[in-house]
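Peer 1: Letter by letter, the chains look like this.
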Amino acid sequence: MTILLLVTVVLVIALAGFVLGRARAISRASGNVRVLHSLPGYYGWHAALMAALPAFAVMLLWLLIQPLVVERQIAAFFPEAAVADETAFTLTMADVRRVAGGLDAAVLAGLVTADQAATLSVDSTDVRALLGQAGVALGAQVTPETLEAAKEYRGLVAFGAFGRMIAVIAAALVGLAYALSVTRPDFWARNRVEAVMLGVLVTASSIAILTTVGIIWSMFSESLNFFRQYPATEFFFGLTWNPQFRGGSDLGFIPLLWGTLYITVVSMIVAVPLGLFTAIYLAEYASPAARSIIKPLIEVIAGIPTVVFGLFALVTVGPFLRDYFAQPFGFGNSGSSVMTAGLVIGILNIPFISSLADDIMNAVPQSLRDGSYGLGATKSETIRQVVLPAALPGIVGAVLLAASRAIGETMIVTMGAGAAAKLDLNPFEAMTTMTVKIVGQLTGDTDFNSPETLVAFALGITLFVITLGLNIFALYIVRKYREQYE
Amino acid sequence: MTDLSASLPVAKPKNSILTGSDQMRRRNAAEFRFRLYGLAAISVSMAVLAIMLWTIFSDGVSAFKQAKISFPLTFSSEILDPAGNGDRAEMTKVTTVGYARLLTTAFRAELQARGISTEGLSDKEINDMLSKHAPGVLRAEVLGNTAILDTTRTVEVLAAGRIDGYLKGRVTRETAERDGQVTPGMLDLADRLTEAGMLRSAFNFDFLTNSDASDQRPEAAGLGVAILGSAYMMLLVVLICVPVGVATSIYLEEFAPKNRLTDVIEVNISNLAAVPSIVFGILGLAVFINFAKFPQSSPLVGALVLSLMTLPTIIIATRAAIRAVPPSIRDAALGVGASKMQTVFHHVLPLAAPGILTGTILGLASALGETAPLLLIGMVAYVDNYPSAPIEGFLDPATALPVQVYSWASRSDPAFIERSSGAIIVLLGFLVVMNVTAIILRRKFERRW
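These protein sequence lines map, in sequence, to chains A and B. So for the first sequence, our numbering puts the first residue at 1; every next one is plus one. So for the second sequence, our numbering puts the first residue at 1; every next one is plus one.
Any given hint could be a false lead.
With a Cα cut of at most 27 Å, we get these calculated DSS-like pairs of lysine-lysine [stated by the list, open to error]:
no.: 1; chain 1: B; residue 1: K124; chain 2: B; residue 2: K168
no.: 2; chain 1: A; residue 1: K480; chain 2: B; residue 2: K258
no.: 3; chain 1: B; residue 1: K65; chain 2: B; residue 2: K124
no.: 4; chain 1: B; residue 1: K93; chain 2: B; residue 2: K65
no.: 5; chain 1: B; residue 1: K340; chain 2: B; residue 2: K258
no.: 6; chain 1: B; residue 1: K65; chain 2: A; residue 2: K295
no.: 7; chain 1: B; residue 1: K124; chain 2: B; residue 2: K93
no.: 8; chain 1: B; residue 1: K168; chain 2: B; residue 2: K93
no.: 9; chain 1: B; residue 1: K65; chain 2: A; residue 2: K151
These are computed hints drawn from the structure, not numbers from a lab.
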């Protein structure tokens, strides 16, 4: 019985539980629902939950434990040396599973009967050809051990599936029987159902924490793996980035950090003035009507996927900068460059800075402005000398958040900045960033034991630490100084 | 005394607000300039946005038109069914090479019949007018319906990518000189074919339904698998994000005690919202693919990664919607004897539903455009086959709209830039629809308490 079918059966039992539980509560109260502690529906829900929860718990446990047990049984078919080597044994297990899957397919296709499949031997049949006919292509001939193991595997899995079905359905029925037996008019069904619901809510909230734990754990363990194969000092202070897939690579982090920071600085030079002046105009000058048109238009920029900006950098901005700036002034002839990526990321960050700065300037109390006007200052003097200083901490926070976004931006730099890791000052030269290299090292066929692949995790955790640090710092500044006026 | 005061020279005020002064003019000029900077900043942003959208639209609109060549073709059973018994299994032995020969022979025959000059063109050049994709399509059609054997009808097949580019102005005689795939002679022939009405450009539905095609056949590349993959992922993201996001928000807003754990959860959520998206890709690769052994490139893994990424956004929007429901509603419900749980689920949640819906749609829109994490979980791979129907289809390899944009943009043939821009038009179309829906919902259900 497949898992999907089993889930359906449990759900049907739960549904029956709802109907039965509700009916039983009403009959126990002899039709007078007012003597019940809870509304009749809660007795139904209680029965449904009692049927479904233990059944799903049993199913989950079974699914987790069965592969471990089966693997131990299968290990008996192979010499101890083969089992001791973990990677080799993983491959062997994959082979066994494949052959077993092939036998299933062959039985399904009617090439052999179920009995024949259980008594096959490599001497009498060409198992590889048989499985090939069934649509399962094998790389090598099937060894006798693998075939025996595969047959055993099929048996164990079939037995496991049967056991699982019995255990899960039994759990559902026992839970249902228990729920029905406790259903009495004075039973507090609502409280118990609500306790379960609260449990569900708490579990959902903990997913956020689990995600963070998952991020840190996944990157940390693989990074440790990387630093075991490649010295940390050479990674953090190395000046060359030159991965070789035959080994002996230089994986220095400095050129990537340089490219990342250079592009971030260029993007901030674009985004900060444009974003700030946009915010100033929106907050201080624009009429409500103009504001209601301009603000959504600026925010359209933030809603456009970054891959669109990436294509814009690749097709329009890059060639434009190359043909009209880099080549005439002799800065090189690369379409993808720090300038290309920086400009485009800057544009992307304008709405981010402008909407944050706009909010912050709106939070500056009107009394400060009025005081300044009263002393005879013009509007721009008021903005420069009163509003901006008052809003400065918040604006710095906004700029830092934008910088953290620029550092973590991936698609624009992948398509616009190039892939060559260089330590260079020329902004029209192609350089690369941490995010580009993460994509580069992890895309395509990768071997998770080589430092060339694992370095991506070290880059990832560095990126995570940098952006998280910037964010926490920015939020700290914003929070600390915003309270001034409240 | 009065004499004295009258005789004193009247002190002329140094400056007055009633008369202009140099200083005041300077200050006013500075004021004017400052205001202008603001306007200039806005104009620059708007101009760049306009240029970007304009270049992408002008590049991409042509992806929706495709050059096709039509000519009569006899489905000769001599070539297509050498065994002569109409048995489908026998006919599958005829490869696309056989179909290509059938097509090119019919095409050349038609050129001759119409008296269209092919002077100076080799047979190969004439054959290259037709797309390499055409024989495969024809073969699928014949194998799908063997009854058309030995009938004759006019077929409309894709023209080669370069010929299509010539009709769209991308390929010129100068570029053709340097191009290995096309010669100026072929472009002359294309002109004559257009005159004869055999070659024409028509709306390209295939762009929305075809799967991706190899580097050599840009004319056949389509968005079908990408659109389906994105749709699968969005469906799963909704199924994962809405229950989890709403449950988390309810807990944090209504039930959470003020303690350490609650603080940790809150800080966590706000920090997760600012983590670079690529980090979620690394998480997905390490946890879902390497550890849990889910298949690479599958919509399920993509959806899990996108869900984790979108959850903070949805939670923040949902909490705002729940907070906007006034306490008097809760007090009234509690006052008539509802439990806390009943209050939340019977009163607060329905009243917050429009806000939650709007927030969810906006969160989905950002998830739909996300590319970087999907690259890491292998969705950038070349996928030729449609994923099957749900539920198994969630585990089949697929690709996504923004990833398709990226993978086409990174191919060398300029014809793929057109496809890439066309894919962006489709993507932006979906985003506009989602955002407009969110705005309409907000307008319709917005409620001031």
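Peer 1: Are the hints correct? Go through all of them and say.
Peer 2: Each hint, compared with the structure:
1. B:K124 x B:K168: holds, 23 Å
2. A:K480 x B:K258: Holds, at about 21 Å.
3. B:K65 x B:K124: This hinted pair holds, its Cα atoms lying about 26 Å apart.
4. B:K93 x B:K65: violated, 34 Å
5. B:K340 x B:K258: Within the cut-off at roughly 17 Å; holds.
6. B:K65 x A:K295: Roughly 36 Å separates the two Cα atoms, so the pair is violated.
7. B:K124 x B:K93: Answer holds: B:K124 to B:K93 is near 25 Å, not above 27 Å.
8. B:K168 x B:K93: Distance ~38 Å between B:K168 and B:K93 Cα, so the pair is violated.
9. B:K65 x A:K151: violated, 56 Å
When the structure is compared with the earlier hints, violations turn up for hints 4, 6, 8 and 9 and for no others.
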